[in-house]
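Number of protein chains: 2
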Amino acid sequence: MTVTVSSPAERRRNKIRARILSAAERVFAREGAEGLSIRRLAENIDYSPAAIYKYFKSKDELVDELKETFFELILENVNRIADTSTPFAERARDCVATYVQIATDKPYHYAAAFAGESATQAPVDGEPGFAQSKKGQAFMVLSGMISEGVEIGAFRSDIDPTLAAKSIWASMHGLAMMIVHIPTYPAFKVEQATMTRNDFILYHADQVIRGLEAHHG
Amino acid sequence: MTVTVSSPAERRRNKIRARILSAAERVFAREGAEGLSIRRLAENIDYSPAAIYKYFKSKDELVDELKETFFELILENVNRIADTSTPFAERARDCVATYVQIATDKPYHYAAAFAGESATQAPVDGEPGFAQSKKGQAFMVLSGMISEGVEIGAFRSDIDPTLAAKSIWASMHGLAMMIVHIPTYPAFKVEQATMTRNDFILYHADQVIRGLEAHHG
DNA sequence: ATATTTTAGTGAACAGTGTTTACTTTTTGA
DNA sequence: TCAAAAAGTAAACACTGTTCACTAAAATAT
Numbered sequence: 002m003t004v005t006v007s008s009p010a011e012r013r014r015n016k017i018r019a020r021i022l023s024a025a026e027r028v029f030a031r032e033g034a035e036g037l038s039i040r041r042l043a044e045n046i047d048y049s050p051a052a053i054y055k056y057f058k059s060k061d062e063l064v065d066e067l068k069e070t071f072f073e074l075i076l077e078n079v080n081r082i083a084d085t086s087t088p089f090a091e092r093a094r095d096c097v098a099t100y101v102q103i104a105t106d107k108p109y110h111y112a113a114a115f116a117g118e119s120a121t122q123a124p125v126d127g128e129p130g131f132a133q134s135k136k137g138q139a140f141m142v143l144s145g146m147i148s149e150g151v152e153i154g155a156f157r158s159d160i161d162p163t164l165a166a167k168s169i170w171a172s173m174h175g176l177a178m179m180i181v182h183i184p185t186y187p188a189f190k191v192e193q194a195t196m197t198r199n200d201f202i203l204y205h206a207d208q209v210i211r212g213l214e215a216h217h218g
Numbered sequence: 002m003t004v005t006v007s008s009p010a011e012r013r014r015n016k017i018r019a020r021i022l023s024a025a026e027r028v029f030a031r032e033g034a035e036g037l038s039i040r041r042l043a044e045n046i047d048y049s050p051a052a053i054y055k056y057f058k059s060k061d062e063l064v065d066e067l068k069e070t071f072f073e074l075i076l077e078n079v080n081r082i083a084d085t086s087t088p089f090a091e092r093a094r095d096c097v098a099t100y101v102q103i104a105t106d107k108p109y110h111y112a113a114a115f116a117g118e119s120a121t122q123a124p125v126d127g128e129p130g131f132a133q134s135k136k137g138q139a140f141m142v143l144s145g146m147i148s149e150g151v152e153i154g155a156f157r158s159d160i161d162p163t164l165a166a167k168s169i170w171a172s173m174h175g176l177a178m179m180i181v182h183i184p185t186y187p188a189f190k191v192e193q194a195t196m197t198r199n200d201f202i203l204y205h206a207d208q209v210i211r212g213l214e215a216h217h218g
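Heads up: the protein sequence lines correspond to chains A and B, in order. Each residue of the first sequence is one higher than the last, beginning at 2 in my numbering. Each residue of the second sequence is one higher than the last, beginning at 2 in my numbering.
Since the hints were made in silico from the structure, they are not lab data. You may find that some hints are simply not true.
Because identical chains cannot be distinguished in the list, a pair is counted as satisfied if it fits within a single copy or across any two copies.
Stated by the list, open to error - For lysine to aspartate or glutamate, the following DMTMM-like pairs were computed, each having C-alpha atoms within a straight-line distance of at most 25 Å:
hint, residue 1, residue 2
1, 60, 35
2, 55, 44
3, 135, 44
4, 16, 106
5, 107, 35
6, 55, 152
7, 107, 149
8, 60, 32
9, 58, 35
10, 55, 207
Bear in mind that the values here come from a model prediction, so they are computed numbers and not experimental data.
My request is simple: use the sequences and hints to build the entire structure.
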């Protein structure tokens, strides 16, 4: 626990900052970055548009904070599952599925987290700061699980966990983006109920993981 | 061959339309939809901004035509490979890899083709008009190849080609989007040359297809 | 060929957007 | 209490897509 050295002024400032972010979050979740205008946001919290700029350098910076908070949410959930003691196969599948589910729960957040990479975010392995970013940490959970799979013999022994993680991540990302951009994906008649979206997410997760497996049943 | 019933007026009109589209294509390929402004475009072809609206109802409609033309390009290339007589495994892999390569060659086109689904485009199986759209036709090539794989025993017999195609498509889409949004993906030090981007695309394609295979070597 | 109707093209304006500047008011810290 | 720093604002700048009333030109019909 670090001692809070914040002055009353600082605390007040953070409170207002949080209020701005909270209002922004509400609008953003429903209408995305384009629907979130500085003027609208200012009106929501009874400030002038220019006031926002006393707290955020730009709209991009504001949105970046929403994105980072969102990836924190993904990381927490994936981490929670990764630390479970359920059997490996199930655990791996649930991690993948959860990632996609949270992504599609907040489609605008997820899409924005990848679109228009702002300077503030370190996007990928090899870039400085990646390991510190929430994205980077989520990636590490994934490659860690793949390592475990190789060690226990569930996955092929010639697999490079980092390399495989990048492939798996791309596959997860793909389904998430599909659902985000095409809300009806995978477009099975829901009335027939032969396969719900969540079922399909699990199907995809299975498919993706099967590509790593040492042998088939 | 249909007889050209176009009047001189109509031909002239189409010519100007094409000129607008061509100028738009140039800008769009380099800067995307946001960089393509009606005013800039009008200046490029020495027209007033309002003149564009005599040829296109809106900027969205104009961009939609660029997107459709782009997916025509993808479809042509994938079709060309699918019709080859090379061995199945190789052919399937090349289809997947080519899709991703073309997508990442024109990143703005690919991203726009999925983002902000306009009313003019039928995005997914089950929706009316999907089979007619270029996207739909590309999907059919994919599911057709999977059918073939099941028939010749390369893939597991319990695979539903349509279902599997949707999963594979998502995985392809994922890598394409990753590269589009994160130009350095998968961010291997290119100097070391242990793995280029194209190598990774092939690696991913292999990985994705392996998930369908009946048995491992 | 002439008159009429349709089309091509334009300048100016509307309603938005993110952002900056100069200015006033409020709050803070010594 | 008083100077300094921060909070907040109105107005403007430079953009955006789009529409409207209008003129010039071309196509069609008589």
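To see whether the hints hold, each was checked on the structure:
| no. | hint | result |
| --- | --- | --- |
| 1 | 60 <-> 35 | both (11 Å within a copy, 16 Å between copies) |
| 2 | 55 <-> 44 | within (16 Å within a copy, 37 Å between copies) |
| 3 | 135 <-> 44 | neither (32 Å within a copy, 44 Å between copies) |
| 4 | 16 <-> 106 | neither (27 Å within a copy, 46 Å between copies) |
| 5 | 107 <-> 35 | both (15 Å within a copy, 23 Å between copies) |
| 6 | 55 <-> 152 | neither (52 Å within a copy, 65 Å between copies) |
| 7 | 107 <-> 149 | neither (30 Å within a copy, 37 Å between copies) |
| 8 | 60 <-> 32 | both (15 Å within a copy, 20 Å between copies) |
| 9 | 58 <-> 35 | both (18 Å within a copy, 21 Å between copies) |
| 10 | 55 <-> 207 | neither (48 Å within a copy, 51 Å between copies) |
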